[in-house]
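Protein chains: 2
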Amino acid sequence: MTPTNAELIARRNKVLGPAYRLFYDEPLHIVRGEDVWLFDADGRKYLDTYNNVPHVGHSHPDVVAAVTAQIAKVNIHTRYLHETILDYAERLTATFEPALDTVHFGCSGTEANEMALRLARTHTGNKGVIVTECAYHGHSQSIYEISTRDVPVSALPDYVVTIPAPDTLRGRYRGANATDQYVRHVEEAVATLTARGHGVAALIIDTIQSSGGTVIAPPGFYAKAAAVVRAAGGLFIADEVQAGFARIGTKFWVYQDHDVVPDFVTMGKPMGNGMPLAACVTQRAYVETFAKANKYFNTFAGIPVTTAAGLAMLEVIERDGLQANALAVGQYMTGKLQALAERHAVIGDIRGSGFFIGLDLVTDRATMAPATALTARLVNGMKERGVLSGAIGPAMNILKIRPPMTFTRAHADLMLGVINETLTAVS
Amino acid sequence: MTPTNAELIARRNKVLGPAYRLFYDEPLHIVRGEDVWLFDADGRKYLDTYNNVPHVGHSHPDVVAAVTAQIAKVNIHTRYLHETILDYAERLTATFEPALDTVHFGCSGTEANEMALRLARTHTGNKGVIVTECAYHGHSQSIYEISTRDVPVSALPDYVVTIPAPDTLRGRYRGANATDQYVRHVEEAVATLTARGHGVAALIIDTIQSSGGTVIAPPGFYAKAAAVVRAAGGLFIADEVQAGFARIGTKFWVYQDHDVVPDFVTMGKPMGNGMPLAACVTQRAYVETFAKANKYFNTFAGIPVTTAAGLAMLEVIERDGLQANALAVGQYMTGKLQALAERHAVIGDIRGSGFFIGLDLVTDRATMAPATALTARLVNGMKERGVLSGAIGPAMNILKIRPPMTFTRAHADLMLGVINETLTAVS
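If you're matching them up, the sequences are chains Z and Y in order. Position 303 of the first sequence, counted from 1, bears residue number 298 in my numbering, the numbering being contiguous throughout. Position 142 of the second sequence, counted from 1, bears residue number 137 in my numbering, the numbering being contiguous throughout.
Since the hints were made in silico from the structure, they are not lab data. If you're wondering where the values come from, they're calculated on a predicted model, not measured in any experiment. Heads up, a few of these hints could be off.
Since copy identity is lost for identical chains, a pair holds within one copy or between any two.
[Said to hold, decoys possible] Dumping the calculated DSBU-like pairs for lysine-lysine here, alpha-carbon to alpha-carbon at most 35 Å: (1) K122 - K290; (2) K290 - K9; (3) K122 - K287; (4) K9 - K246; (5) K9 - K68; (6) K122 - K219; (7) K9 - K219; (8) K287 - K9; (9) K331 - K68; (10) K246 - K122; (11) K290 - K40.
Let's have the full structure, built from the sequences with the hints guiding it.
So, in structure tokens, the structure goes:
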């Protein structure tokens, strides 16, 4: 017999405790997934428009087949020779510029960022980190302490300095000089860390600042910021845990739209299509410095079962042309959302690219004041109508539109109809 | 066509870099695993006597079936309701004392220790950590910095203080007063951390100090050490990442042989029988303090696919009586190893319990001087004869005997014959 939500919630509270949270006013009890659909225990189906982990769709048959075959065969650690990790790592590095030639595997985006930061600190000999405001990079101690979404500025260690997210919509700078004005904050952060005696180990940035509110950096910002940091002896970490793997449609990695080659690119969520797989892709010199000074081993990182999932996922993206699909369907959605904005004054902005779109909801277009409460009603109302999304941003007023890469125009139409209907109902 | 080892090693060096290491003078190219056996690319089979991740055997059919069924169904994160995580967490906490009632999942032993340390620091308000010498607890920044196997004492942060491992064989104290003499070091460490203004957040100890050389603490040590730390406001983390899940045969968790209930028990390696699954099991109060002060989410932790593997593994241990098997076959092996010691003067000590046995190899029984070079020859010679093991300990002179829980007397006889033959050949 299917337990009720109340029963499951009581069991969760008892055995998992209060740090575990649930989505939606009335949480979902999910029992099955297939492509862009999730099914609850009552057999009701939901269009998934925002989970960015099942990258080529829930339970994709190729990923299922790869995992099923591999786990039946063997699943050993990386101190034995095994071909899958090599096939995958070579295929992965082929999506990068030649300088980014070395892969360090992990099990989570947090572990990927841990690795990048440890490599950066070891190579530079510096401790200081520059991070954007309202950023989230992970849950381990040394990554949580740079996660400014959750840690107030007053509680940051003195080797962590924030810069404003390069937001040209709500941020302090707009217009033609915004890039240089934001870069000036990087220069100031470098000066602060230098004055405090820490030096600069790294600038770490989500290449689309998701927690920051789907912030798209202005042209030239990453390249100029990286140059400032490198001139001070620091390195540039592009966190693509959320945005990578062709989601934006135009490029495979977001930074590739910004005329810069990072020192580290970190990735996770979509990488194994749901299996715990993550990586830090970097340049050989940093790994060489690190290997001289440290021993490193990660039991479950890069194992056959998860890298088989990663390889299958990459193959599906390439074989099925899903990067082009993200671009085309993303453009289609953006156009339709713009049309919707003519009917709903609460839509203040539509931004992003491919399948990384933020629908910015406001109480007043002139002031762009965030419509936080309405966004929560929209998310819950869409869910009641069978479409799953979520809210993000410092004011939680941005609707996440980040569907699996197999999302079609028909799926988009269904989602757009529900957004229209729900906005009408909750506005 | 099967690539040569040289080709695979060249590919590894190119794409993974120098921080990735391989076991054995001539590394193994593993392509298949079944129960206690691993198979290389040439079809040669090896008896696995030391990999403690495939806990109920490589590719155990029940674990394979559970993973295969679950990945085909759905694999979503923990912000939806799902039964498997609850079934598993309830079954897991049933192996602990009632006070240890709350589970925090992770993807690696490192993440489990990260969580324990973050909870301890948040709850106590202290930063100081007491750790044994030559310990290894993980690879993230804040766990690596307490991993005294790899970080020299001079490079430890001043909020980390070491105590000697409670080794009554080679350590500084033996005999009847050893427990109290070792506890005195805990008292000193508390005093040092207090004097430095850090206070004590936690004492963290591998309940069998594996890296430290399969050190078995003397009776009463953990209980007395925990009492000293708690009196100073700190908490006790029992790291059972290597030793847990009934491996020792006598109890399900090692600390249960020591008349103490820890504040945190961390686990990983064997937990998912090869899938990336780990946890920190703790007491409700610490999680409540943490949840008030922090947001926490871990994308891949506790997901259906890995918890299904964990659940299947637990069921196999219980259904097949594998704890009793570990105890019985472990006693059988210990007896046979003692007989072997009469023929090989290099065997200096045999210690441990169940399937966590260390064979301590010495150049001189009187001085117990470690036979480091011989142990390396033994490990490689056993491998050439079809039996896989490894060396551990500060001097790398201890042969690890930590087979899957399905290891039988027949497997033990095969291993013992090869140890005997190889010791004769390499001594």
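Check K290 against K40 for me: Cα-Cα at most 35 Å, and say if that holds within a copy, between copies, both or neither.
between (48 Å within a copy, 30 Å between copies)
Review point. How would you label the pair K290, K9 (within, between, both, or neither) given a Cα cut-off of 35 Å?
Key: Between copies only: 19 Å across chains, 39 Å inside a chain, cut-off 35 Å.
Inset, instruction - First find the shortest C-alpha distance between K331 and K68 inside one copy, then the shortest across copies, and answer within, between, both or neither for a cut-off of 35 Å. - result: The answer is between: 33 Å across copies meets 35 Å, while 47 Å in one copy does not.
Status of K9 relative to K287 across identical chains (alpha carbons, at most 35 Å)
Answer is between: at 17 Å across copies they meet the 35 Å cutoff, but 46 Å inside does not.
Notebook entry, point to check: How would you classify K122 and K290 at a CA-CA limit of 35 Å: within, between, both, or neither?
Noted result: Classified as both; 20 Å inside a copy, 25 Å across copies.
message: When Cα atoms must be at most 35 Å apart, do K9 and K246 count as within-copy, between-copy, both, or neither?
response: between (45 Å within a copy, 25 Å between copies)
_For K9 and K219, with the copy left unspecified, which applies at a CA distance of at most 35 Å: within, between, both, or neither?_
between (50 Å within a copy, 30 Å between copies)
- Message: When Cα atoms must be at most 35 Å apart, do K122 and K219 count as within-copy, between-copy, both, or neither?
- Response: within (21 Å within a copy, 38 Å between copies)
Next on the checklist: Reference check for the pair K9 and K68, CA-CA at most 35 Å: within, between, both, or neither?
Outcome noted: between (37 Å within a copy, 26 Å between copies)
Between copies, within a copy, both or neither: which fits K246 and K122 at Cα up to 35 Å? Classified as within; 32 Å inside a copy, 44 Å across copies.
Since the copies are identical, ignore which copy is meant and state whether K122 and K287 lie within 35 Å (CA to CA) inside a copy, between copies, both or neither.
-> both (19 Å within a copy, 29 Å between copies)
Going down the numbered hints, you'll see the structure goes against none, and every one checks out.
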